[in-house]
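Novice: Letter by letter, the chains look like this.
Number of protein chains: 2
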Amino acid sequence: MATDSIRKCWRRLFSCLSFNRNSNETVRVPLLRSSQHGGHNVVSNKDYESLDYDRCWNKPYLDYRERYEKQHSDRKLEILQWIMTFAIGFLTGMVALYIDLIVKLLSDWKFGTVDKSILQCSKDGCLVISLLYLLLFNVAFVIVAACLTIYEPVAGGSGIPEIKCYLNGIKIPRIARLQTLVAKSVGVLFSVAGGLFVGKEGPMIHSGAIIGSGLPQLQSITLKKINSKYSYFRTDRDKRDFVSGGAAAGVAAAFGAPIGGVLFSLEEGSSFWNQKLTWRTFFCSMAATFSLNFFLSGIDSNSWGYFYLPGLIDFGTFECQSEKTTGCHLWSAVDLFIFVIMGFIGGCLGAIFNTLNKSLSLHRMINVNPKHKIFRLLEAILVAMVTTTIAFVSAMTLGQCRKIPLKPSIINSTRSSVELTVRDYFCEDGYYNDMATLFFNPQEIAIKQLFHQAGTFSMPSLAIFFILFFFLACWTYGVSVPSGLFVPSLLCGAAYGRFVALFLEQVFGYKTVYSGTYALVGAAAFLGGVVRMTISLTVILIESTNEISYGLPIMLVLMVAKWSGDLFNEGLYDIHINLKSVPLLEWDPPTEAARMKAKAIMDSRLKVVFPQTRVASLIRLLKTTAHNVFPVVTAARDDCSAVTLVGPSQEADLQEQDDVECFVNQNNSNQDGDGNPIELLQRNLPMKFEGMILRSQLVTLLKNHAWYKENVEEPPRDTVSYEEFITDYPRYPDIYDLQIPTLDGEALVDVGAYLNPCPYTVYPETTVSQVFHLFRGMGLRHLPVVCHKGELKGIITRHNLTHEFLEEKIHEQNQEH
Amino acid sequence: MATDSIRKCWRRLFSCLSFNRNSNETVRVPLLRSSQHGGHNVVSNKDYESLDYDRCWNKPYLDYRERYEKQHSDRKLEILQWIMTFAIGFLTGMVALYIDLIVKLLSDWKFGTVDKSILQCSKDGCLVISLLYLLLFNVAFVIVAACLTIYEPVAGGSGIPEIKCYLNGIKIPRIARLQTLVAKSVGVLFSVAGGLFVGKEGPMIHSGAIIGSGLPQLQSITLKKINSKYSYFRTDRDKRDFVSGGAAAGVAAAFGAPIGGVLFSLEEGSSFWNQKLTWRTFFCSMAATFSLNFFLSGIDSNSWGYFYLPGLIDFGTFECQSEKTTGCHLWSAVDLFIFVIMGFIGGCLGAIFNTLNKSLSLHRMINVNPKHKIFRLLEAILVAMVTTTIAFVSAMTLGQCRKIPLKPSIINSTRSSVELTVRDYFCEDGYYNDMATLFFNPQEIAIKQLFHQAGTFSMPSLAIFFILFFFLACWTYGVSVPSGLFVPSLLCGAAYGRFVALFLEQVFGYKTVYSGTYALVGAAAFLGGVVRMTISLTVILIESTNEISYGLPIMLVLMVAKWSGDLFNEGLYDIHINLKSVPLLEWDPPTEAARMKAKAIMDSRLKVVFPQTRVASLIRLLKTTAHNVFPVVTAARDDCSAVTLVGPSQEADLQEQDDVECFVNQNNSNQDGDGNPIELLQRNLPMKFEGMILRSQLVTLLKNHAWYKENVEEPPRDTVSYEEFITDYPRYPDIYDLQIPTLDGEALVDVGAYLNPCPYTVYPETTVSQVFHLFRGMGLRHLPVVCHKGELKGIITRHNLTHEFLEEKIHEQNQEH
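Chains as they are written, first to last, in UniProt numbering: chain A, 1 to 817; chain B, 1 to 817.
If we strip away everything but chain A, and leave its shape as in the complex, we get (with noise of 0.2 Å):
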């Protein structure tokens, strides 16, 4: 209960604070009730279009099927699946391969003239020099960097809520086009060798949607010129199945984790389990991962053909130091009691990261106004100079020259062994500055050197570093770079850890049995507090390691570190998304939806068309209203009770009573005279549901002039095709750039012909729960609320069943009783 309205509290704060980004509307307008408020708000709503994972079974996709059937074996569609499933793996792994070389190759330029100059100016003290140095370079990768992203602002952050958004079912533009990934693969080069505190796996998994998003299309928007007439995968759907395939191949290359890859774009995404398109899943990050092992292992040692390191990050594997006899273990017992002290630490830290966050960047949003990019820009230069100054004065001040051991500090890796760099910045020969060797190598290395290097850290050099590094990353996630937030996390989860493990033994005495495993749990428990992700999360980490006997502490520790956190704000991911006020659907109602039913959060303010229309009316209708979906109805013949359609909910704002009106007409030949919607609509009269058409299926219609004459011919069937209505996929014209010749008012459109006459529906009276778990489970656009006598009532969209709106409307009916 403490969580629930410790959380509650946190949105109410944040719903009025939000306020003033909407101009005069709260955030979660849904779609249906903002187009009526004019012009603007229909944009802003328009950017939060909904996915249809439900196929449209009209006639000319049925017609489709039966040519298709007819002409091709069922096997060459499959075939072609595979083959692009493999062409996302294999390009993720290499988007992978290319990021990860051209960072070393900028951070080995970088490091090399700093070095150089930091050894000299140590002998003659002239240290600001290589501060400047330094700076120069960061500074000067930071801007490309920056400057990419405010190009293109979706290419900003980790992406990661964009791809979660996206696999929810949410539209947002702009997130999967061609120059996005150039911006964002780019991008990250810059913003990591730039020293910024960031991680390039988040814009790796972004890359990999975008190319799953993109190359089954064979065609590219923003380079008009790549299309093709190739056109088997041109629906959401498809395209929904290939983005989780990219999504896990990035996962899977980013961490040499193809399981957790997997697990990831369930967890993130999918609300159903198909069992082939999960393997294909799988098959994607195998592909992913193999793919940049293999180059991975020729350019690193020159032995192509086999297959050794695993992934860009590689934990190393953890070798215990103990006697052989009992055994050799990593952690034991005792310790398990630790690590639930230190998840529940790390949860608290999370939270604490988060809200800083969220505070920074509902600041960013209220004051800094998007078309002032130039604001954008300086703050990535401040970051920039701050991030290098801070690292810089404090390995030179607080850091402590520690002896480098005699024997070389090699880490075996899986399959390989690398040698550990320490820096020895500011110290005596045979010494190094453990701050320095923090600070300065890259994050992966730091980490390794965390999990592996026994005692080679001090407490305070730790403690300083956590610290340091905690806040400047908090300021970093946000500011526009393309920047991760799992590496970082990990870094500084990993000090935290550490700091325990020498705390626990120089403080009380506690030997543990592995140092490394302290500070993997810590970096589990933060990274945990941050994201609040499990099972994948779990799994990721445990194939990082490539050691199954982590799994009980990780999956503790992830999950008391959730739970502690979620007792104060949701993951990072949820709050950039929510700030978005992007209408996420969550796994579950609210326990409270069971005792509310469907037609109290049903629209019911509806506009309808009648399966013969006027054009006039057609483009009057799509011209004044931004609906996606029109439900098709003919009146019913006998009159039942007395329907309202403006629904209960809707009482209270009687001035816009007016904007109830039909801009349709219809010419029904059943129907004589007395059928006219605007009639049906004052007199309350029922509507009969016959099926939904969509905005995109009506511009069509009108772009291909299918229409006839009033009264003269036949409605003509089927001269509008499956193939036409998606040549324009997935952006369809706006009604204003259509070129319709004048006509006089007869023309007809058979809208009955194209309609999907069998949607999902369920009844006024179904609970929102059941509502709920069947437009999640389906991945519905559009749900029509259908009577027991089959009249239409209402529509559900996605923002009728966001928390927000659920929670609202539970508001309201608990102060109605």
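Honestly, the hints are just simulated from the structure, not real lab data. The structure presented is a predicted model; accordingly, all values stated were derived computationally and were not measured. Virtual Cβ for every residue (Gly too), placed ideally from N, Cα, C. Errors might be hidden in some of the hints.
As the list claims (entries may be wrong) - Facing chain B, from chain A, some residues (calculated, C-beta under 8 Å):
#1 689
#2 757
#3 758
Following the hints, position chain B against chain A.
Specialist: What follows is chain B alone, placed relative to chain A:
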């Protein structure tokens, strides 16, 4: 296309053959249709009731929710669920531990005696006596196992097909009882110790599932004394969630593969993905793995508090012997091509195995009367004797004596070192018998030897071992003893893989990177060919080897093996499910189903009730039909177009027309005399759909005397509460067992107050593809078909959606055109 036709041929052949079993019924008789033929079929079809994953949101349940929410916090139930989940995992781990320990004990006892005798007799030349000793032990052990299985037949086999059916949504009687658990877990000790070629892993998974199903109920049907009033989880939905957890825990304990366990229960069962449930399942797996691990590690080396033995099967660490400079490789790109071929052959071998086993099982079903239990016992004894004799004689005569290597063959287990025992039967001192080493070691040890011992087996020995083991294992699976399939298949496949490695080396001179990899790949190929699992099997094998870099070869091989096996037949589990004619729902409907409509497959012979029904009519209805659900209808007030209640698919059998009557009466005050259902049906009048009521609910209403006097009293509201409805869960009383006082004919039951008013429905024109996904995705049991006017047209159950039924319908449809 070839695949399909081959498989269809098989299916037709077997549907003809299986005709013998079901007296005079074809195999796939849908519940609603079959019930019209009389008593004996009703029983056989009742065997396969569906489970209901969708909650029944009727009034009593809503009231209960409201009451519950007022009394309890949200958290309580969640905490209870987690505690239960932990308990299930822990107990499953303990069962695995007990099985493992006792099997070891029994084996040690047996081999202790036999070893001594062989040592003695090798000198004295009395090896027949040693064989007799061995026979005595094995036959005695197998008799125990067989007797337990004959006493409780569901305990036979691996139990995985049954679990798969259960998770698919089919209730299989006796599958989850305490006495089944006892029979299975005791029986498997003796079948494994009895030297049969069976594994203990399948039974372990079944045990886990039983614990998952039984424990949260806190009652037992076997021991009626165990019964508590505690009734939180007494719905199909909750139970199935726990069974998923239990099955996952079983896999996790058996293979030390917690992630594989979760994926197993997802792949075999779930049709949807829920983050919370998956996380809980994962927790259950982890609890099982690590509680087993804790005790095993403690008992093994007496070092309590550590966790290093990851599961019952442990394939040991694959440590390459190649030079360290270029890193360590376990396989190369060239090997991959060979693996693909091995996968293909493995798939074919698996298909042969399955075909043979299918013919054998069919032979058993047709020729052995289930009542003649003695035959089943004799067969088990025969198998035990033949297996023992063949193993003994072939080891004696065909095995090669090879020199025992000087340094002991220690294989590093994941975290401990185990010395592998070679068997020196029939050889001189310092030599061992390679065939005996394979036959007379526990299968897990034999697998480890094939995986790790380089060059210790001769090609002829491997070939002979493979052939003998293949046929004996094929015969054994299906004999009435508890018998797993995983480990025998792995052993058989490992011999095949090792043979390939030797073959390549000796014939082509191709030096494999690491011959253990070939054994592993061979094991995966053969097991994949037999069971045709995909992602879960891959993950289980990766986890068992604790080597992430085997991901690619294992996945590739399983993919190819599944594909090549699928050319010929289905996986063995599916074959056994089909043999029992269980109406399992596949992942997707046949592609042709896209062109079919719901009205073509629905059952339109309906037995309906009215909202107010006479008690006598209800009793008659329940006694004369076996339906598990009854639609509730009222007469539609307007006479729209006539509705044909005898659907188009049944016009042929007109002699059954008289069956289409309604044993109901009605007293709906809205109707004035002409609403009699019989009349409705005879006059083909439309029936307005009001909701659904379950047989169990009607029985409960009658049991609780929930009726009122006609025209005397008001219908009483809510006299039967939700708690009363679930008192008898899961076995509701039979209508014949109810004690109903004699009433004057006017008592009525207010069915309307207890019906589920808003189930999911579909239109008659909805495509079968949509229907299928709704039914499977939401885990439904009954799906009413309601037309756009709100009139009930038919009902779809699981039987109308099996591939066999749909393919027949498609066939009919194609013939019509």
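Novice: Could you work out which earlier hints the structure fails to respect and list their numbers in ascending sequence?
Specialist: Nothing - there is no hint that the structure violates, so all of them hold.
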